[in-house]
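Please dock the two separately framed chains into a single complex, following the hints provided.
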Amino acid sequence: MLKNDNNMLDRAEAPSRHEIQDIDLIRPDEVIFDNGVRVFIFRAPTQELIKAEFIFQNIFDGSEDSLLHTCASHMLKEGTKTRTGAQIAEEIDFYGAYLMPEYSFDQTALTLYSLNKHLNAVLPVVHDILSAAIFPEEELETYIRNNKQTLQISLQKNEYVARRLFFKNLFGESRYGRVPTEEAYDKLNRDDLIALYQKQIQPQNCTLILSGNITDDVLKHVRALFDVQWANTVDTNSIVAPKFPVFVPSTVMETRADALQSAIRLGIPTINRVHPDFPAIQFVNTLLGGYFGSRLMRNIREDKGFTYSIGSAFASLQHTGFFTIATEVGVDSTQATLVEIEKEFTILRETAAPEEEIALVKNYILGSVLGSIESVFSHADKFKAVYFYGLDISYYTRYNEIIRNMTAADVQRIANTYFDYNNLLKIVVGRNN
Amino acid sequence: MINYQRFTLDNGLRVLVHEDHTTAMACVNILYDVGARDESPDKTGFAHLFEHLMFGGSVNIPNYDTPLQEVGGENNAFTSNDITNYYITLPSANLETAFWLESDRMLSLAFSEESLEVQRNVVCEEFKQRYLNQPYGDVWLRLRPLAYKEHPYRWATIGKELRHIEDATMEDVKAFFFKHYVPSNAIMVVSGDVSFNQVKTLAEKWFANIPARQKPERRLPQEPKQLAPRREEVYSDVPVNSIYIAFHGLGRIHPDYPVMDLLSDILSRGNSSRLYRALVKDQPLFSEVNAYVCGSIDPNLIVIEGKPLAQVDMAKAEASLWKQLDILKTELMKETELQKVKNKIESTMVFAELSILDKAMNLAFFEALGSADWYNEEVDKYLAITPDDIQRMAREIFIPENSSTLIYYAKERQQHAG
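Here the protein sequences come in this chain order: D and C. The first sequence begins at 1 in this note's numbering and counts up by one. The second sequence begins at 1001 in this note's numbering and counts up by one.
Keep in mind that a hint or two might mislead.
[Stated by the list, open to error] The list that follows gives simulated cross-link-like pairs (lysine-lysine, BS3-like), each with its CA atoms no further than 25 angstroms apart:
1) D:Lys117 / C:Lys1215
2) D:Lys117 / C:Lys1160
3) C:Lys1174 / D:Lys157
4) C:Lys1281 / D:Lys81
5) D:Lys148 / C:Lys1281
6) D:Lys148 / C:Lys1342
7) D:Lys157 / C:Lys1160
8) D:Lys168 / D:Lys148
9) C:Lys1160 / C:Lys1149
10) C:Lys1316 / D:Lys117
11) D:Lys148 / C:Lys1149
Hints are computed from structural coordinates only; laboratory data are not their basis.
Looking at chain C on its own, in the form it has when it is part of the complex (with noise of 0.2 angstroms):
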């Protein structure tokens, strides 16, 4: 449970505030809701290049980093296919440098041409590092483009290509700034060791006189239901076979999302889950195997992956996946296991409030999805679902005609010695 208290400036800033006096430190997160799915087609990646450029200096002032790690802070961000995140923290006593550093960056940039430059290059860097530079490192080049035809989803956040992020140019910069980074499309969050009224006054002093510009409006297309079953094999450069199925699924506001989650815990977490114990120990088909939902705010993927034994036929590992998804589906599972999976939600949460960063990351997300409110209510969506609803649930999605399979075949290679 993390307590909060809320106000809005004329410019349509939101701001929530959760005290928590036990630590020395403040942290100010804020979200701007704009992500990979806000971006065209032609011109991917953009959003978290942008973000990268919220670090090369603001409209008054030159350097980010500086004055911060002057005052004992740290920062840092991310972009996902949803949203653009970027978080604070310092010890408390400075709380004003944030105030100061943020607003400015939400008023305006410095728009440099040099700055765009580098980054360019280190996001063309990261490319390289994360996703073409390793083994498996272009599943999600594959796999979303198989699974999503017209939704933005498609592309990863990271971009189609290096190309569209070698292209991009200062005029996109500007527009993009402009269009997304507007006070009402932001949600800033401040925990730690502050006071509300402190909050309010120091919220009132650097955001109030922010222009207010337009909301932007979202229209995305959505996803058309997947009629038939969709297949990719690849014949790559790794060292051994890897498959990877993925299922249209629900939103993440849908009332059903955590009965969903729940199903990918069933299977695949902890030592004792299903697809560890059947597939790695019982029956040895697999080295490793895992479950997981996307997380994302529009319809959902959940993904069932795994890297076969190397004497493992690809079929039969694929088969013996299907036979796990199968028994969810025909055998009703007991009280006990479904019992298993909501105590360590229970113990999740409890550890997700260790940190105020966490807390306030949290408060942002689920302000950005509708309201803070339901952060605090989720633990009981969870602890309500029956072995009926994982059942249904597990019938809606572990369909052939809802599956996006992608394999890599290891192509035959000289060994590296170590």
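Here chain D stands alone, though its shape is the one from the complex (with noise of 0.2 angstroms):
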């Protein structure tokens, strides 16, 4: 029998398999202006887009109103003392820019991305944004009026519900926990939105992520807009941090006589990333339900055919962090698909993880690691990630390294530790037959 024949092609055998590389961040040039704008700046000469992020971390102080700050942030963009809200459309999308009002739970960010020539055409609008916006009233009402009309279609929506009833029944009252309703978005005023604005959008409050071709020139017309010409007028408060209500595990459902499918969602609020177990967290989340072959993807979706898709995810925030799923199912399916959560989580609790499966999910995780560096934006969003926590890139390093040394007996010591069922939070959103 020959045994080497070249053209015999074995395709039965994977071929061989190499080890993956860490990834190599650029660390950031740190500039700090006079009025106190912390300045981060990631260069790649050859690239032909910037992007500069100003970053305003969200500022409570005695009001939780976390409605109050996104509609200020989408408001920024509609008129200035000297321009229209119109006019500053005309101009960002006559250079082709975006500018992007961004909002979250913790900071309110303006994205600017400019082609490199057209840059010192656009930042002066930026600048005039960021020192002279006043909200006006016929944009506001504009405002309000959109927004309960979408509330309304999303409240037909199940997921939806689901999800508003779990950050409320996780937060309260506190700001991550608050939901828009109709009666809000009546409440909002001018006054309140200018005041918000003249205390947060300061430059003592505002971190400036610059990546791109970052060449010297650039930076001294940044500066003369954002240094020269930008004073703090008041002093910004220091952080103060919220006080969540204590977590109570219940069930809670919310029947639509016709649903097809029911929006399920289970959670827990838990450690943010700072938390020295947080990478051996992401870890085991990944096994359970944080990727294609997961565990609860593979039971739920590939085996019962219940759901096109379900996933959990580690969320972290400034003050504390949560642990979700999230799913839709067929609603004659949904009892049956709670009994198999709930036995995920005892036998990734009681029982060893197979080697096979750890050395997967290490790979999987460290060639998502690499794969997420794409351009110098992805080095500057890796940055983004740690900075606000008071971490340092280095956190990368010492997180591929946990992730490699993870042991099925770790697995199972964070299992007990942060994975129990009869803790959870439980939303349905739909029929449970």
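Have a look at this one:
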């Protein structure tokens, strides 16, 4: 028998595997402007696009009204002392730029993307917005009217209603638990918006991340506008931490008689990125429900066919973190899905994970980390994700090291500490026959 | 501008290579020139169901996902009315694993009954999640058959109805595979931290001995010219009224396609666009309004859609949309406004070149259209457009006889408390 026929390809045998390298992150240059703006610069000399992110810590003093912050962020671009909202849109669009207010639980940002050649034309518009926004009454009416209509539509989506109940039950009346209602939209007013703007959009509360071909000339131009011509007008208060209600696990069922699918959301408040267990938790979460080959996907989608998708995540917030599982399943499978999820928790806690699975999840995560770096913007994103927690990019070295060293015993220890099905908040919107 | 090199194997498989050594990753994108338009009218949704089955194991490899995840890779796929596209990104050191997996499923599938059974369920849940259990989720299930009477674009990628998916058999699966999943009907693009010679060697090793089989011939019924306006009004369990007006437009490779594309940008790209300014801001009649081209390969639809505010009469809302379309027909637009949408095209193209996956997909799609080179020529076509072109196109397209209008009226209903 011929053993070494070169033309015979053994298609059943996988090609040899090669080790996955760590990422090599760019360490930014740091400059502090005289007015207190902290600038981080990520250079990519050949890139044609520049990204400038102006990030402000959300300021809550006394009030936990996060809807006001969302509204202020959306309306930043709707008018200044010298430009109407229409003019701002026209100028930004004319230069092919993108200017996007972004609101998250802890920060409000104004992000600009521009071709290098048009940067000098659009930066003055950003400066105008950050120093002289006026939140016109008429624009606020439009904002309220349109958002109330959008809310009506969202409230008919089971998935949205489930998400809303989830945050309300997890974080109560704190900033993380507030959800929009028609009444809350009606209470928005110019005075509150302007007061918030004046407190929050201040140089000393601003972190500016510049990435792309940031030449000395670009920096000079940025400095002329956002240092020399941008003064602090009030002292920014230091960050006040929110108070959270005591979490009590409960089950919330909202019946929708005509539902074809039930939206399910489970979860619990938990630790965030600063906790040393966070990377290991990410590992266990990935194994349970964090990727296409996860146990939940294999069981509930690929084996049972109950759903198009199911996933879980640990999210990090400035003052807490939360775990969540989300899926939409055929109404007849609602109860069966909950039973299967519980089984997966039990297995995770009681049975050592097979070595092959541990090895697979390691490589999958290391591959995703490597693949998460696409352009200089990804380097800036990685920095941003740790900076506001008081961490630096050495976090990622430590993260990969922990991932590489995970064992079945580690998985079980983490599972028994952080993954308890009986302790979860359980939301079902739809039908549970 | 995306540089690439190419070669074709004897079995007809086309391979394009784009080297980008600024990343440590590689991307392998395989486009099969088959989509929902190639389905028979009594078995719709099949191309998409089939895409799911491509992950159910191949002839020599029982599980597709696991070996890929073991080497740090990720994959996904999508089906459109025109094409089916599969992609892998993985650390470039493990590039060969992608060739191994993709070549085996091009060779033949495992054709597992169990996988068919489960994926039928999964796709039915996807159908419910995206199209049935959402307000306005069934727009395209209604709008397509209203606008198209002959061309297979009259059904959506997900299919006409759940029953077509439930009825799919293993015989259908096998016939579909051997007809459409042949090397000459595929385009493979490898991008990222790879070299041309490495790709060539791997392609020859893994793909060259896949039998050629015959490239399927496509003979689709052409859509006859629409001669009268069409209209469908539904009273539905939706929270607010909604209107969609679809016009027949041009195919993707028609020289005037970019003109039609810019026409939709002028109407609704960005906060300074005409529909948004006129109808959401200046004279608030709508809470949202939008215009877009479907982007299909055969003659397209260009769609104008919006949700009028609660107290606004639908007839008035509809007339206000037409008024904006009429302005494009009667008043020649200013050069500066045209320059604005061209500038946006230019920056969008730069964005699309930040990711090796986007670059691979774009090369594959343009190669399927006729030539990957056209991707690099695209910007110049947009930059050459004049205000007269825009006016001419608006006059050709935005006429009542060419329109299909779908209106949702909200049924009186109890408000849910949040």
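The hints, checked one at a time:
1. At most 25 angstroms may separate the alpha-carbon atoms for a hinted pair to count; Lys117 of chain D and Lys1215 of chain C exceed this at roughly 47 angstroms.
2. Among the hinted pairs, Lys117 of chain D with Lys1160 of chain C is inconsistent with the structure: their alpha-carbon atoms are about 49 angstroms apart, more than 25 angstroms.
3. For the hint pairing Lys1174 of chain C with Lys157 of chain D, the CA-to-CA distance comes to about 38 angstroms; that exceeds 25 angstroms, so the pair is violated.
4. Note on Lys1281 of chain C and Lys81 of chain D: the hinted pairing holds, with a Cα-Cα distance of about 19 angstroms set against a maximum of 25 angstroms.
5. Pair hint Lys148 of chain D plus Lys1281 of chain C holds up; C-alpha atoms about 16 angstroms apart against a cutoff of 25 angstroms.
6. Between Lys148 of chain D and Lys1342 of chain C, the direct Cα distance comes to roughly 34 angstroms. Violation of the 25 angstroms bound is thereby established for this hinted pair.
7. Annotation: proposed proximity of Lys157 of chain D to Lys1160 of chain C holds, straight-line Cα distance about 22 angstroms (limit 25 angstroms).
8. Distance check on the hinted pair: Lys168 of chain D and Lys148 of chain D sit about 19 angstroms apart at the alpha-carbon level, within 25 angstroms; holds.
9. Distance check on the hinted pair: Lys1160 of chain C and Lys1149 of chain C sit about 14 angstroms apart at the alpha-carbon level, within 25 angstroms; holds.
10. Between Lys1316 of chain C and Lys117 of chain D the CA atoms are separated by roughly 44 angstroms; this puts the pair beyond 25 angstroms, and the hint is violated.
11. With a CA separation close to 38 angstroms, the supplied pair Lys148 of chain D and Lys1149 of chain C exceeds the 25 angstroms bound.
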